[in-house]
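S.K.: Here is what each chain is made of, one letter per residue.
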Amino acid sequence: MIGAPVDLYLILVAPIGVVIVVVVLRLIGGWRDAQLVDEEAARARLREQEPEFVAREVILAREGRGAVVRGRLRGRAAVALLAPLGDRFVVQTLPQGGLRGLAVTDASTLMMKTGALAGGTITMTFADPAAATAAQVWLRGQEEGR
Amino acid sequence: MSGEFPPVILWAIPGFVALIGLEIAVWRLRGLGRYEARDTATSLLMGIGNLGLGLVTGGAIAAIFGWVYSHRIFELGREWWVFVLCFFLEDLLYYWTHRLGHERRWMWAAHVNHHSSQHYNLSTALRQTWTSSLALSFVFTLPMALLGFEPAMIVFFSGCSLVYQFWIHTEVVRTLGPLEWLLNTPSHHRVHHAFNARYLDANYGGVLIVWDRLFGSFIAESAEERPLYGLVKNIGTFNPLWVAFHEWIAIARDLARARSLREVLGYTWGPPGWSPDGSRLTSAALKAERQARVAKGEGEG
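Which chain is which? The protein sequence lines are A and B, in order.
The first sequence: position 73 = 160 (the numbering used here), numbered continuously.
The second sequence: position 145 = 1490 (the numbering used here), numbered continuously.
By construction, these hints were calculated from the structure, which means they are not laboratory data.
We treat Cβ as the ideally placed atom computed from N, Cα and C, and that holds for glycine.
Some clues are possibly wrong.
As the list claims (entries may be wrong) - The calculated label-pair distances, taken between Cβ atoms and stated as ranges, are:
#, chain 1, residue 1, chain 2, residue 2, range
1, A, Arg159, B, Ala1568, 25 to 33 angstroms
2, A, Leu99, B, Leu1586, 17 to 25 angstroms
3, A, Val106, B, Leu1610, 41 to 49 angstroms
4, B, Ile1418, A, Arg187, 22 to 30 angstroms
5, B, Ala1363, A, Thr220, 48 to 56 angstroms
Unchecked claim - Here chain A is said to cover these stretches of chain B; the calculated rule only asks that three of the stretch's residues, wherever they fall, bring their Cβ under 8 angstroms from a Cβ of chain A:
#, region
6, 1355–1368
7, 1371–1382
8, 1629–1638
With the sequences and hints as input, model every part of the structure.
M.R.: Dropping the structure here:
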């Protein structure tokens, strides 16, 4: 609560300690990228973070590195995005008008801009162009100005 | 400012490092309290930043405490009972400062970073604020100096509280038996770090949990629902700058579109999640939704 006097030297040396910890953790299995094994895993993660979201359909990103979920949130049509962050997923729900931008960077990859301050640009690559197109249709319905 | 009192936080740093090493070993051997390198790096960098900013702001805050102490009401000195009283009073004021840090958005903006990890391990304890001075958290302890407690003594007990709170950020220790009634424990603090609706806004105590029992904010960890860690709306980055400042930026963005004094006050001193049209959800609203789900038999979620 009150600033305690600290040793400046310690602060200068501490980042070296952080690098050592990261290297050690990486070597012993502490660097794992989040992966959804199937659609049910996406639904389960969504139930944890957004229990009011009623998931209807799920499109997984390639290798389970995210998901787009169509459903309803508090009685309105909504889309949820599960974006990987380290070994966890960050969930963002998009009500109608909640998507700021959507770009197709190649046939299977979408770049979505949400209103989130951090992590507001999500790039997701899908298994094939058909899955990307289906996700795109859902997301177009949530775009700003719709 | 520390006078003859030991710099407990500095002295504890080797212990922090050793315990983190031990917890990592337990994770590898028993699978408890998972570590993730990027998440841990963010937490450690937040801790280092907190110490660095303490160098910048510590002098000014020490001067304020010194000035208030020079106008003290009582000459308390260093009798044994003054130490006892100082411990309890500091812990009580910590409870209220911490509670306001969750219930008022201006103060939450400084504290949110501590809750921003989706992991719960000893490194999470070091994910400390960079902006507590901006939130004016220290103001709540100033009355102690006015009463006559030495600022160095207040710093000492405040440091002891922080050191105590380090070890409770763990999933390795389940419960402490009868001590659960008196002390803030790993179990109580897991509840505090959970975003499950049933656990929101609970267990604000520093060393003692009795304040929560006394002021109605105590919630016990339930075997029916494991705590899920992080924020109601998690942030999608490990960047410490975003972690430290994102809520302040969100406040600024909201204030830019505020249309009345009511909205300005709501966006700054309302509960986190407040919005003029109710389109965002506060903890109270999330808890009400959960109650409705439970009543409908849709499970604990």
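S.K.: Each hint needs a verdict: does it hold in this structure or not?
M.R.: Structure-based check of each hint:
1. At roughly 31 angstroms, the beta-carbon separation of arginine 159 of chain A and alanine 1568 of chain B lies within the given 25 to 33 angstroms, and the hint holds.
2. Checking the proposed 17 to 25 angstroms range against leucine 99 of chain A and leucine 1586 of chain B shows it holds: the Cβ atoms sit about 19 angstroms from each other.
3. Checked against the hint of 41 to 49 angstroms, the pair valine 106 of chain A and leucine 1610 of chain B passes, with Cβ atoms roughly 44 angstroms apart.
4. At roughly 56 angstroms, the beta carbons of isoleucine 1418 of chain B and arginine 187 of chain A sit outside the given window of 22 to 30 angstroms.
5. For the hinted restraint 48 to 56 angstroms between alanine 1363 of chain B and threonine 220 of chain A, the CB-CB distance of approximately 54 angstroms keeps it satisfied.
6. For the region 1355–1368 of chain B, the stated coverage by chain A holds: 4 residues have a C-beta nearer than 8 angstroms to a C-beta of that chain, and at least 3 were required.
7. Counting residues of the region 1371–1382 of chain B whose CB falls under 8 angstroms from any CB of chain A gives 5; the rule of at least 3 is met.
8. Interface restraint, the region 1629–1638 of chain B with chain A: holds (3 residues with C-beta to C-beta distance below 8 angstroms; minimum three).
Violated hint for the displayed structure: number 4, the only one.
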